[in-house]
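One letter stands for each residue in the lines below.
Number of protein chains: 2
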Amino acid sequence: MVEKQLKDRIIETALTLFEKYGYHGVTVDRIVAECGASKGGFYHNFKSKDELLYHIHDVFITYVLNKAQEAYVKYKTPTKRLCAIIQSFVKVFHIYKPHITVFNQEAAYLKPEYAEKINAKREQYKQIIFQVLREGIEAKQFRTEVPVEIAGLSIIGMVNWMYKWYKPDGPMSIEQIAAAFNDLILHSLLTEEAKRDEDVSSFLLSHVGDK
Amino acid sequence: MVEKQLKDRIIETALTLFEKYGYHGVTVDRIVAECGASKGGFYHNFKSKDELLYHIHDVFITYVLNKAQEAYVKYKTPTKRLCAIIQSFVKVFHIYKPHITVFNQEAAYLKPEYAEKINAKREQYKQIIFQVLREGIEAKQFRTEVPVEIAGLSIIGMVNWMYKWYKPDGPMSIEQIAAAFNDLILHSLLTEEAKRDEDVSSFLLSHVGDK
DNA sequence: GCGTACAGACCAACTAGTCGGTTTGGAACA
DNA sequence: TGTTCCAAACCGACTAGTTGGTCTGTACGC
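Chains as they are written, first to last, in UniProt numbering: chain V, 1 to 211; chain C, 1 to 211.
Since the hints were made in silico from the structure, they are not lab data. Remember, predicted model here, so these are calculated numbers, not experimental data. Where hints are given, some of them may not hold.
One copy or two, either will do: identical chains are not told apart, so a pair holds if it fits within one copy or between any two.
To be verified - Calculated pairs, BS3-like style, for lysine-lysine (alpha carbon to alpha carbon, straight line, at most 25 Å):
| # | residue 1 | residue 2 |
| --- | --- | --- |
| 1 | Lys47 | Lys117 |
| 2 | Lys76 | Lys140 |
| 3 | Lys20 | Lys49 |
| 4 | Lys167 | Lys117 |
| 5 | Lys140 | Lys126 |
| 6 | Lys20 | Lys126 |
| 7 | Lys47 | Lys195 |
| 8 | Lys111 | Lys167 |
| 9 | Lys91 | Lys164 |
| 10 | Lys91 | Lys20 |
| 11 | Lys80 | Lys67 |
| 12 | Lys47 | Lys167 |
| 13 | Lys140 | Lys91 |
| 14 | Lys80 | Lys39 |
| 15 | Lys76 | Lys91 |
| 16 | Lys67 | Lys91 |
| 17 | Lys91 | Lys47 |
| 18 | Lys164 | Lys47 |
| 19 | Lys20 | Lys111 |
| 20 | Lys195 | Lys140 |
| 21 | Lys111 | Lys39 |
| 22 | Lys111 | Lys91 |
| 23 | Lys49 | Lys195 |
Work the whole structure out from these sequences, hints included.
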């Protein structure tokens, strides 16, 4: 139990390779060769290459969905909830970047029965964001003109897009990136009144308060 | 010349299929069968399946890059330039959605020599956005705290992400979506002073001017 | 008659998955 | 402690099916 089991080694190796070459750019033979395993070892742990792909998807979406639900429960105002969700979302990149890349790039290749399960969770995640946005508008923290769907999908899009450019050893820490996102997003959503709220302004990059 | 040439039919068919099943989910045989052509016809028009993929990438990125450059030249203030670029970007989805889907999903499978050319143009596009953002900050239209790279990549991300959800027959027109994006983006970037500027406020959804 | 555009049978390479066999680790027993 | 035994873990040569690409031939416009 001390040393890493084969299944984990396979997943890790596959992740690295999939991230770089894509699901179809990597053969099962290559995966097993690269992690010092065999065809038999692979198919002992996975029913098929598709199941491995599903597993990678599931680990990530389950994790991030839990984080969002926790954040939602932990905080009580729409602004705090949103910021916490975004922060948890961004921070996942630190651990799960390869997962997220595969998740965003290779989902089309999931077999129908797997795709269905993943999409259900993906949909749940979206609905949490929408819900928080609706609550924020309701509570007059967010501008009434904000279109919930577009704003929600924009947030999901801009964060997810990180998989195209985020480098763990880049000039900005993951916390700084999360803070920058929250600043941009809050400025686009908040009413002028809400921006002056002390509880809220701590999430903004500049606290100088414009008059 | 009146009726559609084979090459165009192949591209069109391939696009529809790639969008739905992914590049590796579609065989050359399937493409030619679906558009009433033959293997010979395909390889007469394309050196390889890879070249077809490259062609699809190139058509889109060339088009959208031109649009951005035109918008940059046509307008003279950062805000107007940015809005025009975003609007042109969003509007491309109306015509090129399948191209964009393939562009965002299958780029990893481009052969190195093709990938290089595409990435050069992709990089150019990014730099135009960054440039406009820097100019906006310089001109005090955009907040000085805005991190150029993050903001630029966020914009690119949120718009590109449309390929995951945009339906041409959805409830909102492409113009409404573009306007919503511009509203969100400008609110996140503009200084309080700039928001009160008449030239600028026409890009915001609400003109009621908050005190 | 000549080159361009296309047809379709064919091929060679590749790849996911199989299957009989071997190793290993630990439970049960003496 | 040593031995037996079994099932789970793992190995790797093999296969059947698939797929990008080729090659020979043909139709047609000029």
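Enumerated hints in conflict with the structure, sorted upward:
Structure breaks hints 7, 12, 13, 14, 17, 18, 22 and 23.
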